[in-house]
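2 protein chains.
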Amino acid sequence: MDIQAHVICIGNEILLGHISNTNAEYISRRLSSIGIKTSKHISVPDEEDTIIHAIRSSLSDSDIVILTGGLGPTVDDITLGCISKTLDRKLILQKKVAENIKTHFKKRNLKMPKNNLRQALIPEGATAVLNNIGSAPGLIIPIPSPSPFSKREKVRMKKKILFALPGVPFEMRDMFEQAIIPFLKKTFKPGLIIKSRVIKITGLPESRVNEKIKDILNIKGNIQMGIYPHPEEIAVKITVTEKNKKLANTAINKIEKRIESRLGDHIFAYDDEGLEEITGRLLLRTKKSIALAESCTGGLLANRITDVPGSSRYFKAGVVTYSNESKNKLLDIPMEIIKKYGAVSRQVAASMAKNIRLLAETDIGIGISGIAGPGNGTAKKPVGLVYIALSAKRKTICKEFRFLGQRKIIKFKSTQAALNMIRKALSKARP
Amino acid sequence: MDIQAHVICIGNEILLGHISNTNAEYISRRLSSIGIKTSKHISVPDEEDTIIHAIRSSLSDSDIVILTGGLGPTVDDITLGCISKTLDRKLILQKKVAENIKTHFKKRNLKMPKNNLRQALIPEGATAVLNNIGSAPGLIIPIPSPSPFSKREKVRMKKKILFALPGVPFEMRDMFEQAIIPFLKKTFKPGLIIKSRVIKITGLPESRVNEKIKDILNIKGNIQMGIYPHPEEIAVKITVTEKNKKLANTAINKIEKRIESRLGDHIFAYDDEGLEEITGRLLLRTKKSIALAESCTGGLLANRITDVPGSSRYFKAGVVTYSNESKNKLLDIPMEIIKKYGAVSRQVAASMAKNIRLLAETDIGIGISGIAGPGNGTAKKPVGLVYIALSAKRKTICKEFRFLGQRKIIKFKSTQAALNMIRKALSKARP
Chain A
17 MDIQAHVICI GNEILLGHIS NTNAEYISRR LSSIGIKTSK HISVPDEEDT IIHAIRSSLS
77 DSDIVILTGG LGPTVDDITL GCISKTLDRK LILQKKVAEN IKTHFKKRNL KMPKNNLRQA
137 LIPEGATAVL NNIGSAPGLI IPIPSPSPFS KREKVRMKKK ILFALPGVPF EMRDMFEQAI
197 IPFLKKTFKP GLIIKSRVIK ITGLPESRVN EKIKDILNIK GNIQMGIYPH PEEIAVKITV
257 TEKNKKLANT AINKIEKRIE SRLGDHIFAY DDEGLEEITG RLLLRTKKSI ALAESCTGGL
317 LANRITDVPG SSRYFKAGVV TYSNESKNKL LDIPMEIIKK YGAVSRQVAA SMAKNIRLLA
377 ETDIGIGISG IAGPGNGTAK KPVGLVYIAL SAKRKTICKE FRFLGQRKII KFKSTQAALN
437 MIRKALSKAR P
Chain B
17 MDIQAHVICI GNEILLGHIS NTNAEYISRR LSSIGIKTSK HISVPDEEDT IIHAIRSSLS
77 DSDIVILTGG LGPTVDDITL GCISKTLDRK LILQKKVAEN IKTHFKKRNL KMPKNNLRQA
137 LIPEGATAVL NNIGSAPGLI IPIPSPSPFS KREKVRMKKK ILFALPGVPF EMRDMFEQAI
197 IPFLKKTFKP GLIIKSRVIK ITGLPESRVN EKIKDILNIK GNIQMGIYPH PEEIAVKITV
257 TEKNKKLANT AINKIEKRIE SRLGDHIFAY DDEGLEEITG RLLLRTKKSI ALAESCTGGL
317 LANRITDVPG SSRYFKAGVV TYSNESKNKL LDIPMEIIKK YGAVSRQVAA SMAKNIRLLA
377 ETDIGIGISG IAGPGNGTAK KPVGLVYIAL SAKRKTICKE FRFLGQRKII KFKSTQAALN
437 MIRKALSKAR P
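First to last, the protein sequences are chains A and B.
For reference, each letter of the first sequence is one residue, going 17 to 447 in the numbering used here.
For reference, each letter of the second sequence is one residue, going 17 to 447 in the numbering used here.
Just so you know, the hints here were simulated from the structure itself, not pulled from any lab data.
Keep in mind that the hints are not guaranteed to be accurate.
All copies of an identical chain are treated as equivalent in the list; a pair is satisfied when it fits inside any one copy or across any two copies.
Within a straight-line C-alpha distance of at most 35 Å, the following computed DSBU-like cross-link-like pairs (lysine-lysine) qualify [as the list claims (entries may be wrong)]:
| # | residue 1 | residue 2 |
| --- | --- | --- |
| 1 | K201 | K444 |
| 2 | K345 | K304 |
| 3 | K345 | K303 |
| 4 | K262 | K230 |
| 5 | K415 | K127 |
| 6 | K270 | K356 |
| 7 | K396 | K253 |
| 8 | K356 | K345 |
| 9 | K118 | K216 |
| 10 | K122 | K253 |
| 11 | K270 | K205 |
| 12 | K440 | K345 |
| 13 | K211 | K262 |
| 14 | K127 | K253 |
| 15 | K304 | K424 |
| 16 | K202 | K216 |
| 17 | K112 | K201 |
Please read all numbers here as calculations on a predicted model, not as lab measurements.
Use the sequences and the hints to build the structure in full.
Now the structure itself:
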């Protein structure tokens, strides 16, 4: 059985391009994790005819229809009315919902605007899902089949289900996890599950990755392969549809091993982890501490490293020396060296790395000096030229990079390359 | 004349929830800026029948249909074939496009895989838009009306236009700005234009902003008002539909003045500008330089300030002192002070601000010390407690904040508050 869902998002702000539609993405990702396939996303403005037409056509084409948005207390919020008209069911005031809305305001010591009680007018036969965060309830509406919507449909299920959820992402997510996922699992007992793994690669261009694993990327059947480029990072995604978790994991592991054997230590992480988490874990495991001296990255490397909870156990200090004087004053780099080689040079980056290591008394020091642009590039030293040095007690190494892109991209790529240098140095180190 | 567009995004990765659909958002925002209304977003998987059905139904319901995705070189990329079938037009190899694809690979010193020439097979009557970044061309396909799609339509225009653009966001955006926007402006001379302005507010909670401008937020007619909360920032958006730019600007300015009179200097910026740009401009105008000493923000403030091109003219140096030792060594803060008051204290933040100002010889010094969490909070000093100090020659001020949220949110909110303190100090200063 192939259960299909449509996601309909309602709201002028989506069609004006004022907000990102993260709800559709989130719902589809969670549905696919329990084996339900999303076959369409639709976004429509707050207009009655358009909404009714969209609900009608989705109920005809799919088993599950999930609406988000338009459940608020204002006159613009017309989702409840549209559902009532589409299904020809009366709106009835549900006491439990009304109480919950009143409590919501009481808890916050706020006076409830009268309008808010409109949110308790629920279509006949609907089950309300209480909102733990805001005031708008969610709805679960089973629709018996054959229904007025069965005309064009291939009958896949005994009944269809229409869900209505608030548009505010964190209210919607809370409700989806607490009520909708458990309900779907119980109702549909999906026969197949979908599982994904992401393999993250750095230090190789996309075309090289493509070449090395072309045959694997072309695998078909119950496996979907994808390759997604990010700045200085390639994500290869394996998605498997299988009868159960065990079979899915076996299939994923098999492909993963083949990819690992071809890409070796260009692979730096799996799934949600970034280079900062990986580097952090390696620093903890090898019991090394680190300090940074940044110029063109302007603090982004320190920021990424300190985004990781617990990073104070290995990250001790950073400096952002954005002028020649500060390189001299804070890091004790002789003005002659800066003048002789230029601030953006192998020599200065190496001195930055070494001197911050000594100053902060850490095991590792990183120095980054480059030209992030858009100004200050020359023919010899163009925008995107970046030197990154890593200094340890035994030696200091320095690498030259030439990155393409705008200022923020060059900053980010530089931190990716620096984190990868730390990762490579520590992967070899013994704890 | 009310010109309407549909945006259709093609790709399994969207329906699996693997990627955010930022293309639909971007396209709608840009369309609305030139007076074209988006009436629907549709996302469909890489399946021929579904794609053909979506194109057919959108061509029937709207004047402009913009497809993105599925133009790549692999067998999964079937958009060109689907267009050819929907319109019943042959695919013909366009030499100009083929040459451009070959050049794309030659420039990068890469061998062109044979597959890529598939991208030069273009439906009859289509104009190709060359890709400046990748290899997939875009397409502009005028469809004369009455057309096979005119059955259900209300005829709004003499002809309809179908566009096909690459799915990779930066390729799509480049093409959209370079070719599609100019083409649409020339072809449709839209009768009404839509203009928006965002007013950015900080230092007030959303509920207070709401209260102060409630009547203005309720304005209707050709004006749409929106209020969007962000961390330590509220955006109020005014959107006006008018006959021409002048009328639109007049309407916007009128509302803007009313909002300004109520929110005063809580307003810090308009449209796309962030606090870092505003602060940067104020530093330039008042000819002041700045240095930073960060603890819990871990370099994020330096990073945000250096995201602004040209920031080296006022930003001189930063330190990230993530341990007591580094506060002592790099900033010369006596260990007794740190032990007596704690690293997270008014006294230490003030010393950080003052000492970095003296060390870097700048006009302003900022010191930030707090607890970003998730660990290390206590009853007296909970997660989210942050001290921010601003030191100038004449005096040093320090403020206490209690932020809610997760680690990254607390870091970000702290930098918002710090930038706002700089803004307020400089707004009073004379150049």
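Evaluation of the provided hints:
no., hint, in the structure
1, K201 / K444, "neither (44 Å within a copy, 58 Å between copies)"
2, K345 / K304, "both (27 Å within a copy, 20 Å between copies)"
3, K345 / K303, "both (30 Å within a copy, 22 Å between copies)"
4, K262 / K230, "within (26 Å within a copy, 55 Å between copies)"
5, K415 / K127, "between (60 Å within a copy, 27 Å between copies)"
6, K270 / K356, "neither (55 Å within a copy, 58 Å between copies)"
7, K396 / K253, "neither (39 Å within a copy, 46 Å between copies)"
8, K356 / K345, "both (17 Å within a copy, 29 Å between copies)"
9, K118 / K216, "between (47 Å within a copy, 29 Å between copies)"
10, K122 / K253, "between (46 Å within a copy, 29 Å between copies)"
11, K270 / K205, "within (27 Å within a copy, 57 Å between copies)"
12, K440 / K345, "both (31 Å within a copy, 30 Å between copies)"
13, K211 / K262, "within (10 Å within a copy, 54 Å between copies)"
14, K127 / K253, "between (49 Å within a copy, 25 Å between copies)"
15, K304 / K424, "both (29 Å within a copy, 24 Å between copies)"
16, K202 / K216, "within (33 Å within a copy, 44 Å between copies)"
17, K112 / K201, "within (25 Å within a copy, 53 Å between copies)"
The structure does not agree with the numbered hints 1, 6 and 7 stated previously, though it agrees with the rest.
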